[in-house]
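**Q** Each chain is listed here by its residues.
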Amino acid sequence: MFGLIPKDEKFFKLFKDMTENIIEGAKLLKDMLDNFENPAESQRNIKELEHKGDAITHSIIKKLNTTFVTPLDREDIYELASKLDDILDLIDVCAQRVIMYNVESIPPQAKSLGFIILQSCIVVDKAVAMLGKQSNEQLFALCVEINALENEADRVCREAISVLFDEEKDPFQLIKWKEIYETLEKATDKCEDAANILESVVVKNA
Amino acid sequence: MFGLIPKDEKFFKLFKDMTENIIEGAKLLKDMLDNFENPAESQRNIKELEHKGDAITHSIIKKLNTTFVTPLDREDIYELASKLDDILDLIDVCAQRVIMYNVESIPPQAKSLGFIILQSCIVVDKAVAMLGKQSNEQLFALCVEINALENEADRVCREAISVLFDEEKDPFQLIKWKEIYETLEKATDKCEDAANILESVVVKNA
Amino acid sequence: MFGLIPKDEKFFKLFKDMTENIIEGAKLLKDMLDNFENPAESQRNIKELEHKGDAITHSIIKKLNTTFVTPLDREDIYELASKLDDILDLIDVCAQRVIMYNVESIPPQAKSLGFIILQSCIVVDKAVAMLGKQSNEQLFALCVEINALENEADRVCREAISVLFDEEKDPFQLIKWKEIYETLEKATDKCEDAANILESVVVKNA
Chain G
71 MFGLIPKDEK
81 FFKLFKDMTE
91 NIIEGAKLLK
101 DMLDNFENPA
111 ESQRNIKELE
121 HKGDAITHSI
131 IKKLNTTFVT
141 PLDREDIYEL
151 ASKLDDILDL
161 IDVCAQRVIM
171 YNVESIPPQA
181 KSLGFIILQS
191 CIVVDKAVAM
201 LGKQSNEQLF
211 ALCVEINALE
221 NEADRVCREA
231 ISVLFDEEKD
241 PFQLIKWKEI
251 YETLEKATDK
261 CEDAANILES
271 VVVKNA
Chain B
71 MFGLIPKDEK
81 FFKLFKDMTE
91 NIIEGAKLLK
101 DMLDNFENPA
111 ESQRNIKELE
121 HKGDAITHSI
131 IKKLNTTFVT
141 PLDREDIYEL
151 ASKLDDILDL
161 IDVCAQRVIM
171 YNVESIPPQA
181 KSLGFIILQS
191 CIVVDKAVAM
201 LGKQSNEQLF
211 ALCVEINALE
221 NEADRVCREA
231 ISVLFDEEKD
241 PFQLIKWKEI
251 YETLEKATDK
261 CEDAANILES
271 VVVKNA
Chain Z
71 MFGLIPKDEK
81 FFKLFKDMTE
91 NIIEGAKLLK
101 DMLDNFENPA
111 ESQRNIKELE
121 HKGDAITHSI
131 IKKLNTTFVT
141 PLDREDIYEL
151 ASKLDDILDL
161 IDVCAQRVIM
171 YNVESIPPQA
181 KSLGFIILQS
191 CIVVDKAVAM
201 LGKQSNEQLF
211 ALCVEINALE
221 NEADRVCREA
231 ISVLFDEEKD
241 PFQLIKWKEI
251 YETLEKATDK
261 CEDAANILES
271 VVVKNA
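Chains as they are written, first to last, in this note's numbering: chain G, 71 to 276; chain B, 71 to 276; chain Z, 71 to 276.
It should be emphasised that the hints constitute simulated quantities derived from the structure, not laboratory data.
Some hints could be false.
Intra- or inter-copy, both count: the list cannot distinguish identical chains.
Here are the computed lysine-lysine pairs in the DSBU-like style, where the Cα-Cα straight-line distance is at most 30 angstroms [to be verified]: (1) LYS117 with LYS80; (2) LYS203 with LYS86; (3) LYS153 with LYS117; (4) LYS122 with LYS97; (5) LYS153 with LYS274; (6) LYS117 with LYS181; (7) LYS80 with LYS97; (8) LYS117 with LYS133; (9) LYS117 with LYS83; (10) LYS181 with LYS122; (11) LYS274 with LYS196; (12) LYS239 with LYS122; (13) LYS196 with LYS122; (14) LYS80 with LYS248; (15) LYS132 with LYS248; (16) LYS97 with LYS181; (17) LYS256 with LYS117; (18) LYS80 with LYS181.
Whenever a hint applies, use it, and build me the whole structure from the sequences.
**A** Here's what the structure looks like:
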């Protein structure tokens with residue numbers, strides 16, 4: 071079925087723009103957490119990418135409104151665009167929380183989560199690039215990889231929170247860091263949501 | 071496409087009943103937060119509206135089961151009804167939290183959020199009223215407005231929580247108010263979810 | 071419509087396997103909370119069932135990829151499988167939280183929630199068993215029952231948290247138990263989500 075999709079691949083191009091933008095955001099977040107040099111500037115840069123992402127999403131919706139034949143079902147294009155949008159939104163929320171909670175340094179577990187988020191975004195980009203091009207098996211394998219990264223993020227987050235409850239004596243600090251860890255973990259959940267849409271699109275068009 | 075919808079506009083009438091009921095609930099919540107005179111009674115009144123909302127949702131589903139031709143896809147009618155239902159559910163949860171946490175007074179940021187929720191419900195009502203009637207552009211503009219209100223609620227909520235961490239010395243109070251602010255903000259998220267469904271319905275039928 | 075579904079009922083068989091596995095998990099969780107004898111072992115057993123559930127979900131998706139005619143829409147089968155999967159995921163998260171937070175004993179409200187979760191999973195199993203077999207009215211009645219159980223869980227959870235705020239003097243303990251109660255309640259939300267899918271599938275095929 072996918073082999074027969076129309077030549078107008080502009081939607082795929084827009085999705086590619088989107089996932090590349092997401093990777094950019096994930097790199098900035100990782101760098102913000104790793105180096106923590108000018109976090110306020112990192113946050114502003116991530117916010118800018120988030121606005122750029124919104125603009126791409128908007129282009130996709132506009133295009134849907136003026137295109138008669140689309141390579142996938144209209145609602146799937148819409149759904150995928152909005153799930154991808156959610157990933158960068160969450161990356162932005164993570165950066166915001168770090169700034170808003172005025173944290174002083176970044177514990178290693180938060181850096182690990184930043185690393186996993188970036189890995190996951192890279193795999194999402196690969197999976198989206200395969201839409202309409204490759205065998206379903208390869209796309210499924212990438213979705214499995216995204217799920218595995220989400221599981222790993224979940225494990226790191228759980229351990230980080232356990233450590234917090236063991237070591238943090240200030241309840242206010244505990245509340246802040248618990249939420250930051252959980253928000254970081256949620257970014258990988260959003261990658262998994264996008265993978266689930268990809269999987270269901272492929273299943274539907276099988 | 072929407073110009074050609076069948077004359078049986080009963081679904082649109084039921085959706086209108088639903089959004090008017092939601093506005094009623096949002097007004098009660100705003101009044102509860104602004105005046106805080108008899109919060110327990112406000113909460114009971116909101117709960118009553120929430121039951122009324124459930125009944126309307128149920129009528130829509132019943133109607134779906136007995137109607138052969140519907141003005142929109144069956145699953146979209148179902149989806150939209152359930153997202154609208156979620157808005158009033160959240161308004162009810164907000165009122166419940168205020169009662170359950172036995173708060174003594176309402177800070178200005180919570181009042182601002184009550185105001186934004188009401189604005190957002192009014193725009194949702196306008197957007198739903200346009201289904202099947204007006205140009206897509208106007209409906210899209212209303213969805214943009216709902217998104218802007220959600221962003222504003224998000225900003226107010228973030229600032230309110232920052233203030234909490236700066237000023238509140240009692241961790242129990244901080245936990246309570248953090249959750250109330252977040253629940254108020256979530257009500258505007260639910261308006262945005264409804265806007266997203268409206269947008270996708272319009273895209274689908276473009 | 072459902073009366074005319076193809077004879078190949080393997081999907082229904084797989085869904086039945088899934089809901090029976092979910093009931094198994096809910097029983098283990100209830101037992102873990104009621105007796106609290108070897109919670110770490112209970113948690114491991116629940117995790118095992120969760121992996122088994124993933125395998126069944128995977129079989130359903132594989133089957134979707136190789137089956138030409140399905141008894142329901144492909145996307146509905148996919149959606150229902152993923153919502154059922156979420157129930158057991160949440161049961162697993164509940165067990166994990168109990169272990170991770172190193173709790174010493176289980177308060178009666180958590181036991182009540184464990185009981186309600188099991189009831190709800192039993193009704194989900196009944197509702198899924200009716201897909202393609204019985205009258206819509208009966209399936210709707212079961213969905214109403216699942217909603218009622220969710221409401222009851224919500225009430226128990228709210229009361230439990232009120233009690234926490236009244237009696238717990240340690241903010242760290244309050245944070246832990248608030249989250250455990252909320253996670254238990256969320257498991258019944260996931261049952262409701264599955265009921266909503268069932269309801270929408272029936273509406274769609276009415």
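**Q** If a hint holds in the structure, say so; if it does not, say that too.
**A** The hints, checked one at a time:
Proximity of LYS117 and LYS80 under a CA criterion of 30 angstroms is satisfied intra-copy only: 26 angstroms inside one chain copy versus 43 angstroms between copies. Only within a single protomer do LYS203 and LYS86 lie at most 30 angstroms apart by alpha-carbon distance; the minimum there is 13 angstroms, versus 35 angstroms between protomers. Taking the closest pair of Cα atoms, LYS153 and LYS117 come within 30 angstroms of each other both inside a single copy (18 angstroms) and across two copies (28 angstroms). In the homo-oligomer, the alpha carbons of LYS122 and LYS97 lie at most 30 angstroms apart inside one protomer (15 angstroms), although the nearest pairing across protomers, at 36 angstroms, exceeds that limit.
When the C-alpha separation of LYS153 and LYS274 is checked against a cutoff of 30 angstroms, the pair qualifies both within a copy, at 18 angstroms, and between copies, at 17 angstroms. In this assembly of identical chains, the alpha carbons of LYS117 and LYS181 lie at most 30 angstroms apart whether taken from the same copy (20 angstroms) or from different copies (27 angstroms). Taking the shortest Cα distances, LYS80 and LYS97 sit within 30 angstroms of each other inside one copy (26 angstroms), while across copies they are farther apart (45 angstroms). For a Cα distance limit of 30 angstroms, the shortest separation of LYS117 from LYS133 inside one copy, 24 angstroms, qualifies, whereas the shortest one across copies, 42 angstroms, does not.
In this homomeric assembly, LYS117 and LYS83 come within 30 angstroms of each other (Cα to Cα) only inside a single copy, at 23 angstroms, whereas the closest approach across copies is 41 angstroms. Proximity of LYS181 to LYS122 under the C-alpha cut-off of 30 angstroms is restricted to the intra-copy arrangement: shortest distance 25 angstroms within a copy versus 32 angstroms between copies. With identical chains, the CA atoms of LYS274 and LYS196 are at most 30 angstroms apart both within one copy (20 angstroms) and between copies (27 angstroms). Taking the shortest Cα distances, LYS239 and LYS122 never come within 30 angstroms of each other, neither inside one copy (41 angstroms) nor across copies (39 angstroms).
Within a single copy, LYS196 and LYS122 get their C-alpha atoms as close as 20 angstroms, and across copies as close as 28 angstroms, so both meet the 30 angstroms cut-off. Proximity of LYS80 to LYS248 under the C-alpha cut-off of 30 angstroms is found in neither arrangement, the shortest distances being 41 angstroms within a copy and 44 angstroms between copies. Within a single copy, LYS132 and LYS248 get their C-alpha atoms no closer than 39 angstroms, and across copies no closer than 38 angstroms, so neither meets the 30 angstroms cut-off. For a Cα distance limit of 30 angstroms, the shortest separation of LYS97 from LYS181 inside one copy, 12 angstroms, qualifies, whereas the shortest one across copies, 38 angstroms, does not.
In this assembly of identical chains, LYS256 and LYS117 lie within 30 angstroms of each other by CA distance both inside one copy and across copies; the values are 18 angstroms within and 21 angstroms between. For a Cα distance limit of 30 angstroms, the shortest separation of LYS80 from LYS181 qualifies neither inside one copy, at 36 angstroms, nor across copies, at 46 angstroms.
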